[in-house]
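There are 2 protein chains.
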Amino acid sequence: MKFSIVVACVAVFGCSLPAGAEDGYDLWLRYRAVEASFNRSLELSLQELVKSAGSPTLDAAGAELLRGLAQLTGRTIPLVGSPSGAGAVVFGTPASSPLIAGLPLSLERAGREGYVIRSLHINQQPAIVIAANSDIGVLYGSFHLLRLIQTRQPLIALDIVSQPRTQIRVLNHWDNLDRHVERGYAGQSIWDWHKLPSYLDPRYTDYARACASLGINGAVLTNVNANATSLTPAYLQKAAALADVFRPYGVRVYLTARFSAPIELGGLKTADPLDPQVRAWWKAKAGEVYARIPDFGGFLVKANSEGQPGPQDYRRTHADGANMLADAVAPHGGVVIWRAFVYSNESPDDRAKQAYNEFVPLDGRFADNVLVQVKNGAIDFQPREPFHPLFGAMPKTPLMMEFQITKEYLGFATHLAYLGTLFEEALDSDTMVKGKGSTVAKVVDGELHGYRMTGMAGVSNIGADRNWTGSHFDQANWYAFGRLAWDPGLSAQAIAQEWVRMTFSNDPAFVEPVVTMMMRSREAVVDYMMPLGLHHLFDTGHHYGPGPWVNNLNRADWNPTYYHRADTNGLGFDRGPGGSNAVAQYHPKVATQFADIRKTPEQFLLWFHHVPWDHRTSSGRILWDELVHRYTHGVEVVSQMRRSWAGLGQYVDAGRFAQVNAFLAIQEQEAQWWRDACIAYFQTFSKRPLPAGFAAPAHPLEYYQALKFPYAPGR
Amino acid sequence: MKFSIVVACVAVFGCSLPAGAEDGYDLWLRYRAVEASFNRSLELSLQELVKSAGSPTLDAAGAELLRGLAQLTGRTIPLVGSPSGAGAVVFGTPASSPLIAGLPLSLERAGREGYVIRSLHINQQPAIVIAANSDIGVLYGSFHLLRLIQTRQPLIALDIVSQPRTQIRVLNHWDNLDRHVERGYAGQSIWDWHKLPSYLDPRYTDYARACASLGINGAVLTNVNANATSLTPAYLQKAAALADVFRPYGVRVYLTARFSAPIELGGLKTADPLDPQVRAWWKAKAGEVYARIPDFGGFLVKANSEGQPGPQDYRRTHADGANMLADAVAPHGGVVIWRAFVYSNESPDDRAKQAYNEFVPLDGRFADNVLVQVKNGAIDFQPREPFHPLFGAMPKTPLMMEFQITKEYLGFATHLAYLGTLFEEALDSDTMVKGKGSTVAKVVDGELHGYRMTGMAGVSNIGADRNWTGSHFDQANWYAFGRLAWDPGLSAQAIAQEWVRMTFSNDPAFVEPVVTMMMRSREAVVDYMMPLGLHHLFDTGHHYGPGPWVNNLNRADWNPTYYHRADTNGLGFDRGPGGSNAVAQYHPKVATQFADIRKTPEQFLLWFHHVPWDHRTSSGRILWDELVHRYTHGVEVVSQMRRSWAGLGQYVDAGRFAQVNAFLAIQEQEAQWWRDACIAYFQTFSKRPLPAGFAAPAHPLEYYQALKFPYAPGR
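Taken in order, these protein sequences are the chains called L and Y.
Position 66 (the first sequence) corresponds to 65 in numbering that gives the first Met the number 0; numbering is contiguous.
Position 695 (the second sequence) corresponds to 694 in numbering that gives the first Met the number 0; numbering is contiguous.
With the rest of the complex left out, here is chain L (with noise of 0.2 Å):
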């Protein structure tokens, strides 16, 4: 009978259906049917839906709960005004249910966002409870019982409190006003400002859907490199349409702010944040985006760096500039998320160090409503850095963690990269600072040293292309970041299983080798790009090829050569007490330990050292057959990958299961390219035969070197 309804679909419709094309619209909120003995398991406990005293937010909840649970069991479940019996799910909040106010839920568990989800009993009858303290936290527990049964695991006895343990979990989105994304991978911006505030394009709502399914609850919606015309009134309109779109999610809009604005905009002669009218032109700008946007979340600020504007201009601190827009947002309740990510116009002797040294004198004077941004590491979101020596030294001052969702520099759409193996490696991090287990992760969460303001923000990979993120893997590292967001104690490897599972399938014969390979592809990456603590040997231009060689640009931290430093001796950047002592700005016991060579992790060898060809690395092989078996072996991984994937045709729609194939292709055909030319390159300094049974570059030096990639996407 199912399988007449299949063909009777596909004949008279021509309907997608799950053996069919799709094409990853859906995300990981795909409800496809659950097998015929999961449903029946399911049947008892979902019989009807309760609703609550209505709110935008909690509408969205009982459409989510309705449309989810509708697809999952194929039965309508009714939405009803109170349990008539057994298998209710009651959803709300004690203010918007008298019902779920006189269960013993013991909400104060779950926080100001956060929900529990209870088996128990009403009127002597089975039910599920979805309860929070706010609207939001209802919407949230939704989307995590639609997860539970997306992900097949039993509606029995369930006691789940949940809440996250970081407060800002925003996306950044580096999206320019003509919809070109800076490190975009995935087509155009959402975000289609000309059309806007009159035509709001239905994804917005599924962008809003997909976040809260997630817990993130703001965007930045423009780009750090910011362009003051998205402060003025016809853009600030546009933005508050999006807002109105978000707001029953739960996701705050946020703007960065163009430091230079009050000149550009207002008209003034200086932005000097001392400036009394400087403050009163950014004063007057705040009230006027609050007046469109009540909940507005605040400014985001890219100063003095790369290029942008910024308090150095006039000779004043970050802080001074960071507080002065602090001061501006903060009778409204919005904060100001000031980026570490600096540099300076002068070339310094390590880039390495710079936002340390900037920022550490600062600690303890930002306004209450400031929290700094910092990347994961201290150059720029390269497939592998050790984590940012800030983390551990502003305890005065609340840290934001800064992750690249997207794969800038780890080969844009193509290549199949789970992050949540890269999320876990940072946070994981133990800064050592109050003692062993000071991680990174309780820095973020404010555990450490008690911030009063938390958040982690992922630089964002969504655009306009039908599956969002470019490729149907990357979706995965939209998922881990916000997971991760909301608890960062959460395993890579746990996520990505759920993911697969509500993603593709729950058949073990499928998610098993899937995560397997997710698990493994970060690190083939890295292996196959920079291998052993090298970092960005990228070709000029754009962030995609080769161009270890690169060394003819005008500052000299711009040149792979510069941070690859190979000399006939060896290779790899001295940040020990002998070179530019980086190291030093770590706490001491970790600092111990990156300046020994002996003791520096293998991963890091190259970032911290720079090390004799003929030194010998844990394998018993010497650095530079060490370096040729990374290569290889990177490029080897991704074979398997290839292979694994190819095999599973059987468990994956026909649409999503060649795309993923001809990208493997892709991926393995320019982890060859990356291996061969970094290879060629090299073996002009260790000058040395590659070790037997490694095969030579497919091509001399000279072609890798003349390979131009113009219009590569994302400048």
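Keep in mind that the hints were calculated from the coordinates and are not lab data.
Worth double-checking, as some hints may not be accurate.
No copy labels: a pair is met if it fits in one copy or bridges any two.
[To be verified] Listed next, the in silico SDA-like pairs over lysine to any residue satisfying Cα-Cα at most 25 Å (straight line):
| hint | residue 1 | residue 2 |
| --- | --- | --- |
| 1 | LYS268 | PRO709 |
| 2 | LYS707 | HIS179 |
| 3 | LYS707 | ARG182 |
| 4 | LYS686 | TYR342 |
Got chain L; can you put chain Y on it based on the hints?
Below, chain Y without anything else, positioned relative to chain L:
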């Protein structure tokens, strides 16, 4: 029963259905189930599909028939090797099918690309035959059969013969290699150059299907403002991958040729078309192109216009330049399409005259495989222009028509403007050069002058947006272009009806009002933007909103004031003998008409004449009053369109209904803006009050002059 299947389909699979959200991706190839009664009438005629010996094109025809017939009828029609009884649909060529070779089809009527669809008997059993002299003709005929069903025409006594009246039916994509589409309002370019040739987006196939369904047989992939990089080996490989996808659908790839490519790519010191090295370079380049793309169509060239390099840089003529390229592609069967849209670097007395002045002296001097592509009017794709005086003036040179499908000057994606009427008006214009009835259509299809080649080009409105064209109704303009390129004699109204039926619904209660909307829509744009022959009143930096006041640009003919010439005496550009005498470029019979203010069709009044404000128009109103009346009428028609659509919700899926609603609201708002801004401005010259009953502009002139749109799309 049908209803229960629908419900099951929604509940179990969440798939889209006729009554649910649609997104327009299907275009007019929307094979939704026909009504039961019509379906019964089809049953006897559609029992089995009889295939021919395979070729990729015949396979595509079979696949389309299988897919289309299954979805339209809800039955799977078996594909068999020979007819087994009544109701066979036989498709093929005499070469591919001995059965077809033996049937009395008079296939000579079908020509090289056409087809015959006939009801006849095979083995005494009724059958339908789709036959052609070429495989592509069979594919075209297959789409025709499906169109018959989509538009609910009975499959009885069929005797259809159709062949195209032009040979080259080509889309011009003004798409850059970074995926920006110049004058594109539907998102990024559909050509994802970065992922080509490795990843072949399924959209490429659907693009080719859509083109083939109309008989479009070529695609110029790249912008006429050309980039030599598109001719490098890497990009030729990418273009070849697209050509491979398109080939079964009869769509040949063309590229734009940057005239200075021999310098930029070849390292030569000159691009002089008479230089032997330059000629050798192009010959070698053509060889390289054809080695990769054996059926490459040829080069499209914009030279010595708007800053593009060209033969005049070396004191050579357009013919010298075109013939040099023509020599290069001739051995491979390629053509050169040379654009007549030129304007010199010096400001002319009348820009409208330049193309004629430059090209007419070259008539007869172009090589046999050169076509000259002429825009429908002499300025630039304005909402209305009189026909280009080159049509009829170059009997020895094949002139291709260049229409603009993308609405650069007609409100971008959000204004509903059906261009079938614009195309029809241009094609039906009478050049009079061989007496009455010497229409532009007869120039273009070669009948008038016996051209050795013929063609029609449409500047594409296609992008990566889900609905392809940025709005649902803009799909109709792609459709209308394709149908008119096949047969310039078709009526715009018939095409609109066909398109509405295929794309939305056959319900007369829907078809009638929607076709009425479409047929009035372009005239409404003319009225609210630039009625009575006004043209080019756009503000600086975009072609989005009004800027009739702009008079500060470097070149006289970049300023709207150059075109409308408003003063206290009157309005309009005197192109008569007392003015620029552009009328003299037309045949004397036409020129006489246009030169006489009393005989000039009122729609071109201000195009050809500087008219006193108190000139009495055909309505009895003086010019000023008539101008206000027309501007206001344009807005009113849009309001009527909006109300009309708002009442049609029951016939349309919610997704498309909502977007059209939202866009019509934008159009109404922007029509009012155009009307108010232009009236406010022209009133400063007419110094007359608005006629009684007409509302004053909502804002003072300064308000409209201050509006800026730095990020309007498509620039």
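A quick look at each hint next to the structure:
1. For a Cα distance limit of 25 Å, the shortest separation of LYS268 from PRO709 across copies, 23 Å, qualifies, whereas the shortest one inside one copy, 38 Å, does not.
2. In this assembly of identical chains, LYS707 and HIS179 lie within 25 Å of each other by CA distance both inside one copy and across copies; the values are 21 Å within and 19 Å between.
3. When the C-alpha separation of LYS707 and ARG182 is checked against a cutoff of 25 Å, the pair qualifies only within one copy, where the shortest distance is 18 Å, while the shortest distance between copies is 28 Å.
4. In the homo-oligomer, the alpha carbons of LYS686 and TYR342 never lie at most 25 Å apart, since the shortest distance is 35 Å inside one protomer and 60 Å across protomers.
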